[in-house]
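S.K.: Just so you know, the sequences run in chain order A and B.
In terms of the numbering used here, the first sequence is residues 1 to 115.
In terms of the numbering used here, the second sequence is residues 1 to 113.
Misleading hints may appear alongside valid ones.
Straight-line alpha carbon distances no greater than 25 Å define the calculated SDA-like cross-link-like pairs of lysine to any residue that follow [unchecked claim]: (1) K2(B) <-> K67(B); (2) K42(B) <-> T115(A); (3) K53(A) <-> K100(B); (4) K2(B) <-> G16(A); (5) K13(A) <-> R41(B); (6) K53(A) <-> R68(A); (7) K100(B) <-> R68(A); (8) K42(B) <-> T86(A); (9) K71(A) <-> L41(A); (10) K67(B) <-> T24(B); (11) K42(B) <-> S87(A); (12) K42(B) <-> V13(B); (13) K100(B) <-> Y64(A); (14) K2(B) <-> L41(A); (15) K70(A) <-> S7(A); (16) K53(A) <-> S67(A); (17) K2(B) <-> G58(A); (18) K100(B) <-> L45(A); (19) K3(A) <-> T50(B); (20) K67(B) <-> L41(A); (21) K53(A) <-> E79(A); (22) K2(B) <-> E62(A); (23) K3(A) <-> L47(B); (24) K56(B) <-> Y105(A); (25) K100(B) <-> N84(A); (26) K42(B) <-> D38(A); (27) K3(A) <-> E62(A); (28) K100(B) <-> L41(A); (29) K57(A) <-> N27(B); (30) K2(B) <-> Q85(A).
Quick caveat, the hints were computed from the structure, so don't treat them as lab data.
Computed from a prediction, not measured in an experiment: that's the story for all the values here.
Residue strings, one per chain:
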Amino acid sequence: DVKVTQSSRYLVKRTGEKVFLECVQDMDHENMFWYRQDPGLGLRLIYFSYDVKMKEKGDIPEGYSVSREKKERFSLILESASTNQTSMYLCASTGFGAQESYEQYFGPGTRLTVT
Amino acid sequence: QKEVEQDPGPLSVPEGAIVSLNCTYSNSAFQYFMWYRQYSRKGPELLMYTYSSGNKEDGRFTAQVDKSSKYISLFIRDSQPSDSATYLCANSLGETSYDKVIFGPGTSLSVIP
Chain A
1 DVKVTQSSRY LVKRTGEKVF LECVQDMDHE NMFWYRQDPG LGLRLIYFSY DVKMKEKGDI
61 PEGYSVSREK KERFSLILES ASTNQTSMYL CASTGFGAQE SYEQYFGPGT RLTVT
Chain B
1 QKEVEQDPGP LSVPEGAIVS LNCTYSNSAF QYFMWYRQYS RKGPELLMYT YSSGNKEDGR
61 FTAQVDKSSK YISLFIRDSQ PSDSATYLCA NSLGETSYDK VIFGPGTSLS VIP
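Bound-form chain B, shown alone:
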């Protein structure tokens, strides 16, 4: 079993839709949960960073962590064509700032105008 799993998609939605991106993980020791956005031919960009269970909101983006079921989600409200990218979830033990970050394979999202 991979440590972090995502449905690779592609996921295609109309502009303005609410997007739900999901990720599961296997190591219950993970404490930090991240979402990255990666545009084609670019490096990943850290979008959201949450500690332990709960929700975190930043503009149109909401990250949700459920440690009991080892499930994390990213919701995008009022999706825009500029949100079209690959979204990577990642986890870390978080004991030090150089702790290994385990990435999922990413979900490709297309927002159609």
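Next comes chain A alone, as it looks inside the complex:
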């Protein structure tokens, strides 16, 4: 019943390191999203993609970039990790399933700690 998977559940990185977070979905969804979730702030959208090689900035794109070379894979890149990027990172995909019903699934999340 795998739908959205993320490469790591827990990650610890040092300040200044380049960090890659990978997300893969198996539902042939067109749209993929990266959020971060922080206590009291809810989920905030970092980037999203509505097609291969397409990307759009969300609300908080600074310090992040993304890559979508294949439909099923959406990567989030922290160019130079900083302590304020310590957070839970969640990937999601959306699309239309059987009978045009809206579908949305989240991955299990990656808890990133930057020291």
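Given the structure of chain A, go ahead and fit chain B onto it with the hints provided.
M.R.: Positioned in the frame of chain A, the structure of chain B alone reads:
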């Protein structure tokens, strides 16, 4: 003013109680209203998805939208300990399937056996 607001709780109820979770929003253009359940250390799971005003029922869950007062509710009947989770409300303009979804901060619910 935040676009979507929820009381963070925590809300604690005895098993079998009716739970009412509430959410307000500020953008009258929102057309799609969602409720998510998030268990500890897991990603959110879409529970209910409604369009415009009105009620939608799914088993023990009922979602209610009042666009005139920009107020949405989720009712859980016969609450179970397995309902203990954080509940997020979210809204979207809904013009495309990739429209931005705006989330509230979530309400933490504990159902005590």
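S.K.: If a hint holds in the structure, say so; if it does not, say that too.
M.R.: Now for the hints, and whether the structure bears them out:
1. Proximity of K2(B) to K67(B) is assessed by CA-CA distance (about 17 Å); at most 25 Å being required, the pair is judged to hold.
2. For the suggested pair K42(B) and T115(A), the alpha carbons sit about 23 Å apart, so the restraint of at most 25 Å is met.
3. Under the criterion of a C-alpha separation no larger than 25 Å, the hint pairing K53(A) with K100(B) is consistent with the structure, at around 19 Å.
4. A C-alpha spacing of about 32 Å is found between K2(B) and G16(A), which places the hinted pair above 25 Å, so the restraint is violated.
5. Straight-line distance between C-alpha atoms of K13(A) and R41(B) comes to about 20 Å, which keeps the hinted pair within the 25 Å bound.
6. Proximity of K53(A) to R68(A) is assessed by CA-CA distance (about 5 Å); at most 25 Å being required, the pair is judged to hold.
7. For the given pair, K100(B) sits about 18 Å from R68(A) by alpha-carbon distance, which is consistent with the 25 Å threshold.
8. Straight-line distance between C-alpha atoms of K42(B) and T86(A) comes to about 17 Å, which keeps the hinted pair within the 25 Å bound.
9. Between the alpha carbons of K71(A) and L41(A) the distance comes to roughly 30 Å, so the proposed pair goes past 25 Å and is violated.
10. Pair hint K67(B) plus T24(B) holds up; C-alpha atoms about 10 Å apart against a cutoff of 25 Å.
11. At most 25 Å may separate the alpha-carbon atoms for a hinted pair to count; K42(B) and S87(A) meet this at roughly 14 Å.
12. With a CA separation close to 22 Å, the supplied pair K42(B) and V13(B) stays within the 25 Å bound.
13. Only pairs whose Cα atoms come within 25 Å are accepted, and K100(B) paired with Y64(A) is accepted, the gap being roughly 18 Å.
14. Taking the CA atoms of K2(B) and L41(A), the gap is near 10 Å; set against the 25 Å cutoff, the hint holds.
15. Of the pairs offered as hints, the one joining K70(A) and S7(A) holds, with about 16 Å between alpha carbons and a cut-off of 25 Å not exceeded.
16. For the suggested pair K53(A) and S67(A), the alpha carbons sit about 7 Å apart, so the restraint of at most 25 Å is met.
17. For a cut-off of 25 Å, the pair hint linking K2(B) to G58(A) stands: about 16 Å separates their Cα positions.
18. Simply put, K100(B) and L45(A) have alpha-carbon atoms about 8 Å apart, close enough for the 25 Å limit, and the pair holds.
19. Note on K3(A) and T50(B): the hinted pairing holds, with a Cα-Cα distance of about 23 Å set against a maximum of 25 Å.
20. Pair hint K67(B) plus L41(A) holds up; C-alpha atoms about 24 Å apart against a cutoff of 25 Å.
21. With a C-alpha separation of about 19 Å, the suggested pairing of K53(A) with E79(A) holds against the 25 Å cut-off.
22. Simply put, K2(B) and E62(A) have alpha-carbon atoms about 21 Å apart, close enough for the 25 Å limit, and the pair holds.
23. Straight-line distance between C-alpha atoms of K3(A) and L47(B) comes to about 16 Å, which keeps the hinted pair within the 25 Å bound.
24. For a cut-off of 25 Å, the pair hint linking K56(B) to Y105(A) stands: about 20 Å separates their Cα positions.
25. For the hint pairing K100(B) with N84(A), the CA-to-CA distance comes to about 24 Å; that is within 25 Å, so the pair holds.
26. The suggested pairing of K42(B) with D38(A) holds, with an alpha-carbon distance near 14 Å, which does not exceed 25 Å.
27. Restraint check for K3(A) and E62(A): the C-alpha separation of about 28 Å exceeds 25 Å, so the hint is violated.
28. Taking the CA atoms of K100(B) and L41(A), the gap is about 16 Å. The hint holds against a cut of 25 Å.
29. This hinted pair checks out: K57(A) and N27(B) have alpha carbons roughly 21 Å apart, not beyond 25 Å.
30. For the hint pairing K2(B) with Q85(A), the CA-to-CA distance comes to about 22 Å; that is within 25 Å, so the pair holds.
The structure shown violates the earlier hints numbered 4, 9 and 27.
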